[in-house]
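> This is what each chain is made of:
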Amino acid sequence: MTVTTSVDEGAAGELLVILRHGPHSGIALKEGLDAALVAAAFGRRVSLLFMGSGVAALMPGQGKGPLDQKGTLPTLDMLEMYDIDRCYADSASLEALDMSADALVIDVTAVDSGGVAQLMACHSLVMTF
Amino acid sequence: MTVTTSVDEGAAGELLVILRHGPHSGIALKEGLDAALVAAAFGRRVSLLFMGSGVAALMPGQGKGPLDQKGTLPTLDMLEMYDIDRCYADSASLEALDMSADALVIDVTAVDSGGVAQLMACHSLVMTF
Amino acid sequence: MILHTLNRSPLDSSVYLQALAAMTEADCLLLIEDGVLGCLPAQAGRWPQLTGRLFALREDLASRGLVDACSDSITVIDIQEFVALTEQATKVVSWY
Amino acid sequence: MILHTLNRSPLDSSVYLQALAAMTEADCLLLIEDGVLGCLPAQAGRWPQLTGRLFALREDLASRGLVDACSDSITVIDIQEFVALTEQATKVVSWY
Amino acid sequence: MRYAILLLGAPYSSQAAHSALRFAQAVIARGHRLEAVFFYADGVHNAASLATPPQDEPQIVDGWVDLQRDHDVRLEVCIAAALRRGIIDAAEAARHGKDGHSLAPPFTLTGLGQLIDLGVDCDRLITFGA
Amino acid sequence: MRYAILLLGAPYSSQAAHSALRFAQAVIARGHRLEAVFFYADGVHNAASLATPPQDEPQIVDGWVDLQRDHDVRLEVCIAAALRRGIIDAAEAARHGKDGHSLAPPFTLTGLGQLIDLGVDCDRLITFGA
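Protein chains in written order, with my numbering: chain Y, 89 to 217; chain L, 89 to 217; chain X, 58 to 153; chain H, 58 to 153; chain A, 6 to 135; chain C, 6 to 135.
Isolated chain Y, as found in the complex (with noise of 0.2 Å):
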C-alpha cells in the first residue's frame, strides 16, 4: 500500500464528500454517498474521502444484513457509472481496521494527514457526512 502525503493536480474538483460512517450503522452513510450521487448526476467533479469508520465501507466481503438490509455495497458500484473515480481514504483509519488499500472494494488512493489536508484545500466545497 501506498500512502500519499502529495495530492496530484488532477485532485482538484469541485465537491469533497468525507465519508466517516460505517455501513449498516444507519444510513448516514447511504445518505453521504446519495449526495455525491447526485451532485454527480448533475454534472459536478466529485471525490470522495473516506475516513474513520468511514473506511469499512471499503472491505471486502460484505453481505446483506440479518434483515435483508442491503447495505451500501451496491451504491458502490454505481460510483463508476456515475464518473466518480477519485477516491482517497484516510491512511491511519485504514491501518486502524488491518485495511490494506491494494484489497478494498473500490480503487482508492490511500492518504495521511498531509494528504487529507490537501485534499480539503484543492476543492472549492466540503460536505462532511
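What the hints contain is simulated information worked out from the structure, not anything from laboratory work. The reader is advised that the hints may include incorrect statements.
[What the hints assert, rightly or not] Straight-line C-alpha distance at most 20 Å; calculated SDA-like pairs for lysine to any residue:
{"hint": "1", "chain 1": "Y", "residue 1": "Lys-152", "chain 2": "Y", "residue 2": "Pro-162"}
{"hint": "2", "chain 1": "L", "residue 1": "Lys-152", "chain 2": "C", "residue 2": "Glu-62"}
{"hint": "3", "chain 1": "X", "residue 1": "Lys-148", "chain 2": "L", "residue 2": "Gly-101"}
{"hint": "4", "chain 1": "L", "residue 1": "Lys-152", "chain 2": "H", "residue 2": "Val-133"}
{"hint": "5", "chain 1": "H", "residue 1": "Lys-148", "chain 2": "H", "residue 2": "Pro-98"}
{"hint": "6", "chain 1": "Y", "residue 1": "Lys-158", "chain 2": "Y", "residue 2": "Pro-148"}
{"hint": "7", "chain 1": "X", "residue 1": "Lys-148", "chain 2": "A", "residue 2": "Gly-68"}
{"hint": "8", "chain 1": "A", "residue 1": "Lys-103", "chain 2": "C", "residue 2": "Pro-111"}
{"hint": "9", "chain 1": "Y", "residue 1": "Lys-152", "chain 2": "A", "residue 2": "Glu-62"}
{"hint": "10", "chain 1": "Y", "residue 1": "Lys-158", "chain 2": "Y", "residue 2": "Asp-186"}
{"hint": "11", "chain 1": "H", "residue 1": "Lys-148", "chain 2": "H", "residue 2": "Ala-101"}
{"hint": "12", "chain 1": "L", "residue 1": "Lys-152", "chain 2": "L", "residue 2": "Asp-122"}
{"hint": "13", "chain 1": "A", "residue 1": "Lys-103", "chain 2": "C", "residue 2": "Thr-57"}
{"hint": "14", "chain 1": "H", "residue 1": "Lys-148", "chain 2": "C", "residue 2": "Glu-62"}
{"hint": "15", "chain 1": "L", "residue 1": "Lys-158", "chain 2": "L", "residue 2": "Pro-148"}
{"hint": "16", "chain 1": "Y", "residue 1": "Lys-152", "chain 2": "Y", "residue 2": "Asp-165"}
Starting from the known structure of chain Y, arrange chains L, X, H, A and C on it as the hints suggest.
For chains L, X, H, A and C alone, kept in the frame of chain Y given last:
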C-alpha cells in the same frame, strides 16, 4: 475531594440510572433524568451515576441557552423532592473537566472505577442514558 | 456476571472506556453493530485482560465482511447465543 | 484559511482527531455545542500547536457554566463573530 | 424468562431498531415471554404511521406489528418523547389541536411509569441505544 | 455574501437545530443573504407539523417559519430522507396511500439536487451535524 472505591451498604437500591450526556446537548440527559424521577415517584429506590460528559450536568453556573432552553438544572433541583439522594459521579470524568465533587450543584459521591463496578453490582436494574 | 453490550466503533467513540471502567473480572462484554469494528487485530490492544469474556455478534461481523478477520481472542456468537448470555447474566448494561 | 467546527465532547468522541488530521497550520478550529467541553484546562493537551487558531462559542460555554473555566489559550467568540469567521474562511468544514 | 426491550433509536437513522427486532425474535424463538417493547427517545419514530421507507429496505414497522399479533408483545411508546417528536395519536391530536395523527396501531402511547414497571417486573430489560 | 445552511439534526434530540437557527439569525443580522436552509438526514424532523413540544421549550419550528416569512429564506426538505422518516406532504401521502400528512408549511419537499445547487451557487454552505 474524596474518591470512593468501596460503596457502602446504603448504596444498594433497585434502580441505577447512568447519565452520560451533557446538558444543553439535546434532551438525552433530560430524558434520562425523567426516567429516574418517574421511578422515584413510583416508589422505587433510585441512584444516579454521572459519567463521561454527563458530569457536566453538575457544573455550577449553568444558565439558559440562547434560545431560552432551560437546560437540566431545574430538573436536578427536583431530585431532593423525589427523595433521590444517592448520587454518584465518576471521578475520572470529573477530573477530565477540572471538577471537584466538593463544588457541584448537588451533593455527589465521587467513585473510581471499582466504585462504578460496585454500583452496577448492588442495583438490581441498571439503565444507561 | 453482568453482560455489557457496546455498539460504538472504537475509531470514533471512546465510550468503550466507560464500559471497561464499569466491568469486574467476572463480567462479559459483547460487541454489536459498529462495536464489532473492535474485533480487528489492530484494535486488540483496547481489550486488555478480557480473554474468554469478550464476544462479538456474528451477523454484525458478517454484514461488514469481518468474520474471517476477527481476532482469535474474541468469541463469535449468534443472536440466539446473545439471548443465552442474557439468561446467564444477572443483568445487562448497554453502552452506546 | 479553512474554518473547522467541532460539536462533540472529547470525553466521548475521538472525532476531534479527524478534525486535527485535516487541518493545516493556516486553519482555525471552532468548538461549539458539547465541543466546548474541550475548553477546560484538563483538556488543553488535545489541542497542540493551535494557539491563536482555537475558538469556542461563548453562548455554548455560558449555558454550560464554563465561561470562567475556559483555558486562556482559547479565544471566546460570540455568534456574530462565528459568522465573521465564516466570512474570512474560504470554506467551512464541520466535524460531528 | 420474562423479557422486556427498551429501544432508543429511530429506524434507519441508527442500527438500534434492527438489533432490537432481531433480539426480540430470538428471545421468542428460545421460548421466553417478551412482555413488551418500550419505545423511548428517538425510538418513538418506530411507531410512525406516515413513514414510507423504500421498498427495498426492511420494513421495520411490520416486524413490530408481527410480534404484537403473533406473540402478544405490547408496543408501548412514551407519550412525552413521542409528542415532542411528532408522533401523536388521534386523542392527543384532538387535545393539542393538531390536524392529523401519526401513531401506527397497535402501538400505544403510555407513560414512563410503564417502563419502570417493566424493568422491575420482568426478569431482564435489554436496552438498544442509539 | 450569499449563505446556505445544511441541517442534519432533529430538534431536541441534538443541539444541531438550535445552533443552526442561531447561526441563521446571526447571518441575517450581519447583513448577508441566507438563501435557504436544507434539511437532510434527521434534520427533516424540523419540518414535522405534528410535533408538540412542551410549551417551556423553544419552539424551533416557529423560528424557521419566521426566517421564511421575514427574510424569504427557503426551507427545503430532502424528499427521500423525509419519506422514510414519516415527514410527508399531502401530494406524497396521496401517492403512497398514506392517511394524513406531516409536513408543516412553508417547508417544501425537494430533491438532493437542490442541496448541490446551494453548495455551488452560494458563497458559503455551513453544515450543522448531529
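> Could you run down the list of hints and mark each one as holding or not?
Verification of the supplied hints:
The hinted pair formed by Lys-152 (chain Y) and Pro-162 (chain Y) meets the criterion: a straight-line CA distance of about 10 Å does not exceed 20 Å. A threshold of 20 Å between alpha carbons decides the hint, and for Lys-152 (chain L) with Glu-62 (chain C) the separation of about 11 Å falls inside it, so the pair holds. Straight-line distance between C-alpha atoms of Lys-148 (chain X) and Gly-101 (chain L) comes to about 14 Å, which keeps the hinted pair within the 20 Å bound. Distance restraint check for Lys-152 (chain L) and Val-133 (chain H): the Cα-Cα separation of roughly 18 Å lies within the 20 Å cut-off, and the hinted pair is therefore satisfied.
Simply put, Lys-148 (chain H) and Pro-98 (chain H) have alpha-carbon atoms about 29 Å apart, too far for the 20 Å limit, and the pair is violated. In summary, the hint linking Lys-158 (chain Y) to Pro-148 (chain Y) is supported, as the alpha carbons are separated by about 15 Å, within the 20 Å threshold. Our distance criterion of 20 Å between C-alpha atoms is broken by Lys-148 (chain X) and Gly-68 (chain A), whose separation comes to about 26 Å. About 17 Å separates the Cα atoms of Lys-103 (chain A) and Pro-111 (chain C), which keeps this hinted pair within 20 Å; it holds.
Distance check on the hinted pair: Lys-152 (chain Y) and Glu-62 (chain A) sit about 11 Å apart at the alpha-carbon level, within 20 Å; holds. Only pairs whose Cα atoms come within 20 Å are accepted, and Lys-158 (chain Y) paired with Asp-186 (chain Y) is rejected, the gap being roughly 24 Å. Between Lys-148 (chain H) and Ala-101 (chain H), the direct Cα distance comes to roughly 26 Å. Violation of the 20 Å bound is thereby established for this hinted pair. Note on Lys-152 (chain L) and Asp-122 (chain L): the hinted pairing holds, with a Cα-Cα distance of about 19 Å set against a maximum of 20 Å.
Distance restraint check for Lys-103 (chain A) and Thr-57 (chain C): the Cα-Cα separation of roughly 9 Å lies within the 20 Å cut-off, and the hinted pair is therefore satisfied. A distance of roughly 33 Å separates the Cα atoms of Lys-148 (chain H) and Glu-62 (chain C); the hinted pair therefore is violated under the 20 Å criterion. Under the criterion of a C-alpha separation no larger than 20 Å, the hint pairing Lys-158 (chain L) with Pro-148 (chain L) is consistent with the structure, at around 15 Å. Distance restraint check for Lys-152 (chain Y) and Asp-165 (chain Y): the Cα-Cα separation of roughly 15 Å lies within the 20 Å cut-off, and the hinted pair is therefore satisfied.
Going through the hint list in order, the structure does not satisfy hints 5, 7, 10, 11 and 14.
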